Amino acid sequence: MGGGVRPGAAGGPAARAGLPRAALQSLLLASVALFFLNFNLLGTASPSRRFSQDLVYAWFGNEAWLYPRIAIGGPRRAHPRVLVVMVDEPALALRGARWPVPVEFHAQFLAELEVLRPRAIMLDFLLIDPAPQQDICELLTVGARLRQEGIPLYLAVTRPQDLAPLDAATCHDSSGAVIRSAQVFTPVSVQRQTDGSDFVSRRYPFEQRADADAAPGSGLASAAVRMYCDSERAPDACLARLTSVAAADAGFELAWSPEGDPFNQRWSQVSCIETTSPLRAILNQPALPRESPCPPVATLFAGALLSPEVDPAFGAGNEALFNIADGAFILVGGNFRGSGDLVTTPLHTLLPGVYYHAVALENLLVFDGRPKVRKEFRTPKLAFVAYDLLVLWVLAAIFLWRQRWLQRAELQRNPFELSDAARGWIAPLIARYPTPLWILATAGLLLMLAAFRSLQLLAVAATIVGLIIVELRVAPAAEIRERVRGLLMYLAALALSLAVIVLATWVGYRWLRLPPGDWLGYFSFAAFGFFVAHNAILEFGRRVEELNLARSGGGESQ
Amino acid sequence: MSRWLQPALLALAIVPGAWADEPAQGATADACLVLNNRILGPRAPDRLLPLLSGDPAKGFHAACAVPWSKLSPANHPLPVTDCYRGSLLQVANDAACGRQTGPLWVDSRWVVTSAELQDTHAHAVICQQLDTGAWAGTRDLQLDCVPAKKELSLESVPPAPAAPRPAEPAAGPAPAAPAPAAK
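Line by line, the protein sequences give chains A and B. Reminder that position 53 of the first sequence reads as 52 in numbering that gives the first Met the number 0, one-by-one numbering, no gaps. Reminder that position 96 of the second sequence reads as 95 in numbering that gives the first Met the number 0, one-by-one numbering, no gaps.
Treat the hints as calculated values from the structure; they're not laboratory data. From a predicted model like this one, the values you see are computed outputs, not experimental measurements. Even for Gly, the Cβ is constructed at its ideal location relative to N, Cα and C. Errors might be hidden in some of the hints.
To be verified - Taking CB as the label site, the calculated pair distances span:
hint, chain 1, residue 1, chain 2, residue 2, range
1, B, Arg98, A, Asp210, 44 to 50 angstroms
2, B, Arg98, A, Gln160, 29 to 35 angstroms
3, A, Thr274, B, Arg98, 56 to 62 angstroms
4, A, Asp212, B, Pro44, 53 to 59 angstroms
5, B, Pro102, A, Ala246, 56 to 62 angstroms
6, A, Gly149, B, His75, 30 to 36 angstroms
7, A, Glu318, B, Asn35, 26 to 32 angstroms
8, A, Ala63, B, Asn35, 50 to 56 angstroms
9, B, Pro44, A, Arg369, 38 to 44 angstroms
To be verified - Some but not every residue of chain B turned toward chain A, in silico, with C-beta under 8 angstroms:
hint, residue
10, Arg46
11, Gly58
12, Phe59
13, His60
14, Arg84
15, Ser86
16, Ser107
17, Trp109
18, Val124
19, Ile125
20, Cys126
21, Gln127
22, Leu129
23, Asp130
24, Thr131
25, Gly132
Just chain A, same shape as in the assembly (with noise of 0.2 angstroms):
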């Protein structure tokens, strides 16, 4: 792993390159792990990258630098709140009702929602099946006082035409005029986007368009979006700007915490502050959480809205629930079992599918209306992946320099490689049995070490301590001291690299709105990656070295 140091390789032509040969070594070793990075051979890149991404949002998603949501109880109140409302059997049953829902629940419903004052009421139902006239007559009904009081209401629709069975029942206000759906409802797209390879929900559309050669912004502006943009001093600057990518299944990626909302502790059977730390990831333990029973986002179930006795707990004036809902987004969203209405969330949990929109919608409005977009997403393409190959060019240039290093010192060995003295103690042991029997026994080794992950751990360590300990008790001092400052240079160089990835993807997330996912295939390259490609790549330059020099040489002689 050391990239083989020998004395003989101190004197080389590339030991003696000035600055502009060693930039253009390193951006040849970049491109090539730029390649590598992005060869997606049966679409293995795209895995990798999206779980570096969950990866983070496990270990870091609860940290205000990554994730500045809004949580309810928290300091922060700089953002509206986003309240998801969730109905349930028990909830239908405080009314008489059954799942489906029925058309009628949804107009009392509305009228309930209406007494909390909130921002703006998104129903994430269906309604596209017929109902009764009355009770379509009361939706709209409610739905209208409603926007006479500054409520919008979004209802969800897979198409515009979804809403033709409400303007169907031709509904009349108390002054005889026919109530139109539109006037009442902003229809809004509820099409979820997954990630081809693992079926996680972690990129939200900004629109649905009608096929994938419609014109941006001709879609159906999704549920989030379209509320987003609505409380924006001018929506449809923020709309045309949200919607102007050009690929059709372009989307924004969720940043997602693993902690519950505080507000959700009151219902909650289990606790709400979820921590899950890399350490674990190290010692082959879960990376991410197994389940989300207290979800992100704070979470009003309509029975504790509907009956006190549910939720006794909201004051003699229902101060905490005012406190919660005034001036909320409320997202009105189903839980009934065999519903279907489910998202794989991208720490790999089921939640039901409202959440989906309500963390877009924190999304949107924590990063002030400019979300994280991946770079196949952005515009121009090549300079979002120009910036990937600059930060392996540092990278490289980081390992080029700990090469040069190494071969100033003249160090004797690899640190990584065994002593002499280690070998020749070694040596007899292994020259006790045959070949095959070593064979045999190593390929034995291995297969449990497959077969049992958590041995892999206890296995490599004990090899390190076992090697550690006879080269300590057999190498001369010198040789020690020599491998130790190479281990010590390579670890610096190690913590240099981390320091520029922990940078780049800091500069990447925070200015360029990029999703953190690119830090472990920085990370794989940085450790190891450049040492498996050094030295293939440095023959390759010595070769068309040699092949110019000859040339050259050539072409003077003549």
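Place chain B on chain A using the hints.
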């Protein structure tokens, strides 16, 4: 079976509603079980009270939203004439919504009742849980699909008209045609 067990079981069976799927009881006493319950006033005087019409048998309907002064012009406590599942209280006022709506109901969430003041139980929230289990179900089966190849259609059976079905939770892009409710 012992002499007393059989009559006891029989008595249980004939109790009206003994087998109904009642919602879970709250941490406090059921407001519907309190005698002479009265609505004393609104919890938040500055907010309107949403009123419902109808009855448990035919269903409830959103009627109107009025201030407390319209429900009780003299600001007197209103007797609760009926109660539904501890949530809805029927008030002795059927004209607050300005038309023939019949008896009106108000959600106990928005009003203070005398029963509530008598309640000495601990005010604990009922624990809730999101149901995120993935279950195999039949609700989304497309029974009225058309075979793509003609030779596969052994006999042509016109699909039965789908029964009117109210709203269902939005689950992303919906199927082309709503499936008949299986339950």
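A quick look at each hint next to the structure:
no. : hint                                       : in the structure
1   : B:Arg98 with A:Asp210: 44 to 50 angstroms  : holds (48 angstroms)
2   : B:Arg98 with A:Gln160: 29 to 35 angstroms  : holds (34 angstroms)
3   : A:Thr274 with B:Arg98: 56 to 62 angstroms  : holds (57 angstroms)
4   : A:Asp212 with B:Pro44: 53 to 59 angstroms  : holds (57 angstroms)
5   : B:Pro102 with A:Ala246: 56 to 62 angstroms : holds (57 angstroms)
6   : A:Gly149 with B:His75: 30 to 36 angstroms  : holds (33 angstroms)
7   : A:Glu318 with B:Asn35: 26 to 32 angstroms  : holds (28 angstroms)
8   : A:Ala63 with B:Asn35: 50 to 56 angstroms   : holds (53 angstroms)
9   : B:Pro44 with A:Arg369: 38 to 44 angstroms  : holds (42 angstroms)
10  : Arg46                                      : holds (5 angstroms)
11  : Gly58                                      : holds (6 angstroms)
12  : Phe59                                      : holds (6 angstroms)
13  : His60                                      : holds (6 angstroms)
14  : Arg84                                      : holds (5 angstroms)
15  : Ser86                                      : holds (4 angstroms)
16  : Ser107                                     : holds (6 angstroms)
17  : Trp109                                     : holds (6 angstroms)
18  : Val124                                     : holds (5 angstroms)
19  : Ile125                                     : holds (5 angstroms)
20  : Cys126                                     : holds (5 angstroms)
21  : Gln127                                     : holds (4 angstroms)
22  : Leu129                                     : holds (6 angstroms)
23  : Asp130                                     : holds (5 angstroms)
24  : Thr131                                     : holds (4 angstroms)
25  : Gly132                                     : holds (7 angstroms)
Of the numbered hints stated above, none is contradicted by the structure.
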